[in-house]
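Peer 1: From just these sequences and the hints, can you work out the full model?
There are 2 protein chains.
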Amino acid sequence: MQSIDESTPFFDLVGSVRAMRKLKPDPVPIEMIWKVLNVGVQAPSGQNKQPWKFLLIQDPERKQWFAERYANAMQERFGLPVDPAKRGDKTPKGTLASIYHQMDHMAEAPYLLLVCGKRDWPFKVAEKDRVGLAPPNYGAVYPCVQNILLACRTLGLGAALTTMHQVFEDELHAHFGIPDTYGVVVTIPIGYPIGRFGPVTRIPAQEKTFLDHWDAGDS
Amino acid sequence: MQSIDESTPFFDLVGSVRAMRKLKPDPVPIEMIWKVLNVGVQAPSGQNKQPWKFLLIQDPERKQWFAERYANAMQERFGLPVDPAKRGDKTPKGTLASIYHQMDHMAEAPYLLLVCGKRDWPFKVAEKDRVGLAPPNYGAVYPCVQNILLACRTLGLGAALTTMHQVFEDELHAHFGIPDTYGVVVTIPIGYPIGRFGPVTRIPAQEKTFLDHWDAGDS
Chain G
1 MQSIDESTPF
11 FDLVGSVRAM
21 RKLKPDPVPI
31 EMIWKVLNVG
41 VQAPSGQNKQ
51 PWKFLLIQDP
61 ERKQWFAERY
71 ANAMQERFGL
81 PVDPAKRGDK
91 TPKGTLASIY
101 HQMDHMAEAP
111 YLLLVCGKRD
121 WPFKVAEKDR
131 VGLAPPNYGA
141 VYPCVQNILL
151 ACRTLGLGAA
161 LTTMHQVFED
171 ELHAHFGIPD
181 TYGVVVTIPI
191 GYPIGRFGPV
201 TRIPAQEKTF
211 LDHWDAGDS
Chain P
1 MQSIDESTPF
11 FDLVGSVRAM
21 RKLKPDPVPI
31 EMIWKVLNVG
41 VQAPSGQNKQ
51 PWKFLLIQDP
61 ERKQWFAERY
71 ANAMQERFGL
81 PVDPAKRGDK
91 TPKGTLASIY
101 HQMDHMAEAP
111 YLLLVCGKRD
121 WPFKVAEKDR
131 VGLAPPNYGA
141 VYPCVQNILL
151 ACRTLGLGAA
161 LTTMHQVFED
171 ELHAHFGIPD
181 TYGVVVTIPI
191 GYPIGRFGPV
201 TRIPAQEKTF
211 LDHWDAGDS
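Residue numbers (my numbering), protein chains in the order written: chain G, 1 to 219; chain P, 1 to 219.
Note that these hints are calculated values from the structure, not bench results. Each hint should be verified, as a subset may be incorrect.
The list makes no distinction among identical chains, and a pair is therefore deemed to hold if it is satisfied within one copy or across any two copies.
Simulated crosslink set (DSSO-like; lysine-lysine; CA at most 30 Å straight-line) [stated by the list, open to error]:
id : residue 1 : residue 2
1  : Lys86     : Lys24
2  : Lys63     : Lys22
3  : Lys208    : Lys35
4  : Lys93     : Lys22
5  : Lys24     : Lys208
Peer 2: Spelled out as structure tokens, the structure:
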């Protein structure tokens, strides 16, 4: 694949925005992050309300705090020991290996970006501990997130989103002073990547499209 | 603003993706739509499940069917007569004027693109007629939609998303044979635009970002 930089056309860029979960601990100038986030905020939103806020974690102790809870949440969900040395023959392979790499080294990423959204999405959530709270504005925040991923790729920064923080979101809100009026939609560790950006593999749109009427039998 | 084409870098493109609601009825080759949708499907999704489907409406009668229900839904919500001649001194101005233009001419757009998402989003919706049905996968569909808007802009196509179809979504499902396993996330009328793409206006990211801790008092 050709090298990508700020002069690369969008069509040549979009197919190589892979989830990059292995990051170098090397510092990344904050000017690059501002550039990324200022691309993020170009996203559309209903009535141009721009209902996003960013929490950028760079402090080592706060990154460590987040990483520990994240690892516990992963253990709770997948049952794999937090300590890599204790995983034995359960050591994950393939994509799961890179997900665990992200977890094991999360505190070392130069930045943990939490993209937050105002809770004005017009659906109530009937979850055990969330009844009555509207979800964050996914319809605005996710386009912003996509812009962020495209901008990271343009600048050669590795990024990959995760939503596992939802397991400890109440604690997260308390620790970072996030008000109930916002939800944390995604966490994106950002840094220079280890390894190369390969192309993504996707089913062609033609196989995902119905003309004028859904095909009977396809569900 | 410089002219934009397929050679334009992403950073020079992203700030001019305005909601273009005034469209020419001129036909658009379907090859352009495949190009747009194949950019859309490059978006990331959890476990690469690609939980999107597209319903592309091009048949004049089906567009008319959609446009009529859309206009009724708008009237229900905003109270403005469906017939422009009966609006009198209530004729809308500014952004609302363009929203009404989109409504009045919806059946003339060459394409109405319905972007659908699999109902696997992990929140139940407690709405009067939707209890128990999970919402469509916003976290995958909206990044795909953002790619679609960026691709339309690159090719000089006008596009603007709306979610007003939700008012008549049950009827929509029945008419187009959309199974309950999918939700219609956005409707995007697409065509050559009337008027020019101007730059978007956004609050800079620096004013939307907290470093390491949310600012007390900001909510």
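Peer 1: Now, for every hint given, state plainly whether the structure supports it.
Peer 2: So, going through the hints one by one against the coordinates:
no., hint, verdict
1, Lys86 x Lys24, "within (24 Å within a copy, 64 Å between copies)"
2, Lys63 x Lys22, "within (16 Å within a copy, 47 Å between copies)"
3, Lys208 x Lys35, "between (34 Å within a copy, 13 Å between copies)"
4, Lys93 x Lys22, "within (14 Å within a copy, 51 Å between copies)"
5, Lys24 x Lys208, "between (37 Å within a copy, 27 Å between copies)"
Against the hints set out earlier in the document, no violation occurs for any number.
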